[in-house]
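Take the sequences, apply the hints, and build the full model.
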Amino acid sequence: MKYVDEFRSADLARGLAAEITSLVRPGETVRIMEVCGGHTHAIYRHGLEDLLPPEVELVHGPGCPVCVIPMGRVDDAIALAEEPGVTLATFGDMMRVPGGRGSLLEAKARGADIRMVYSPLDALALAANLPDRRVIFFAIGFETTAPATAVTLLRARAEGTPNFAVFCNHVTIEPPLRAILETPGLRVDAFIGPGHVSTVIGTNAYRFIPEEYGRSVAVSAFEPVDLLQAMAMLLRQRAEGRCEVENQYTRVVRPEGNSRALAAINATMELRDEFEWRGLGTIPKSALQLRPEFAAWDAEKLFTVPGERIEDPKACRCGEVLTGQIKPWECGVFGTACTPERPLGTCMVSSEGACAAFYAYGRQRRLAEDPVGV
Amino acid sequence: MTKIAPDRCLTCSDDAVEAQVVDVSGNDAIVLVAGARAHIAIDLVPESCPGDLLLCHAGIALERLERSCDVPQVAPSHKVSAAVESKVGL
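Protein chains in written order, with the working numbering: chain A, 1 to 374; chain B, 1001 to 1090.
Just the calculated beta-carbon pair ranges, DEER-fashion:
#1 Pro-53(A) <-> Ser-1025(B): 48 to 56 Å
#2 Gly-1035(B) <-> Glu-240(A): 39 to 47 Å
#3 Gly-1035(B) <-> Pro-340(A): 25 to 33 Å
#4 Asn-266(A) <-> Gly-1051(B): 30 to 38 Å
#5 Gly-1035(B) <-> Pro-255(A): 33 to 41 Å
#6 Val-1022(B) <-> Ala-158(A): 19 to 27 Å
#7 Glu-1066(B) <-> Asn-204(A): 17 to 25 Å
#8 Met-116(A) <-> Gly-1035(B): 21 to 29 Å
Residues from chain A shown here face chain B by an in silico Cβ test under 10 Å; the list is partial:
#9 Gly-141
#10 Val-151
#11 Thr-152
#12 Thr-199
I should point out that these hints are in silico values taken from the structure, not numbers from a laboratory.
In this text, a Cβ means the ideal position worked out from N, Cα and C, and glycines have one as well.
Written out as structure tokens, the structure reads:
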């Protein structure tokens, strides 16, 4: 397949791995955080850590959109789904995320009308087909997904669909990056920037990282050669004494992003005062809510949501995984009380979650190395 | 919409997939990915035309990976495009 096969070339990957090895000094440690959950998934799926020298340590970041949703917001979605006459629609992974009152899947089993969709536009079509019900789309995701919700809202208004609404939980990438960069004792030397978020916001959006925090960034695509090239770019910057934002994903990402997508977001949404992130706590101006002119489609204006803060289970260490403080296997319940079939924490739910990715692709190798460690 | 990428997380994620445009009608396109046909909204890339390769996520096209034509074939007549474009002064 075009744009896939050439970026999975074993020869190119081995060449880049050799270059990466040549760019580090024996015995030192260079920590690179991949921000995006899609990158985490690709790193484990393709076994990239096996190609890297021991001096390069990959640290998983907060960029899985499912993983950062706190339990309280899941409970809010369940409360909305249980309102009379409401049909709740959301992405498949969100249905499995446990809240304080169980998951949306369990609420569906109790009788709530909850549907899985692949796009907010599917939820809008559902509303057109169910004129006697209020169809609420439980919206999650970073700037990659927010344009789809924005376009859907603009279409709902243009088409005059009164029984559609959005429960908005879209988040933005800059605040959690700042939160991580301001963590005392930060142990990240460079960042692999998210590819598809950057399609929307552009590479210029990361200039604060080298300028204010002295860390380099390489925005990367998702195939193994892409990721290895991004790592080589970061190490080359370091070797040459540069610290800047570079773009590995030039086939689709532009410095300024997609102005139409940004305009659609700005036309329909605005920053919330604050939002709770799983693992990072409450961060000011880090998430989006619908603009007042879209109040007729805003589930939080149409209904009362509980809005309670629910503590994560004590045994769950998703917060530390999301901020790169521990590896998935260092969590005491990884692979035992918490598995993809019965996830305790969000990182085990989505295939982009670091725990689910490691469970699927990495644990056998580790099990062979350390039979009691996993 | 059909699930079009078996090895990627399309259901939630900040991942995205490439799709080739087969047909365009207003702000909607039919695309082909790995042999499957799917409907995609092209409000954000209204100049798309058959043959283009689009980067798609959650039912909409985010960007054109490859252009088979440089002349816009789709007039931005849909109200959504008009609303979006008025915001950015296009």
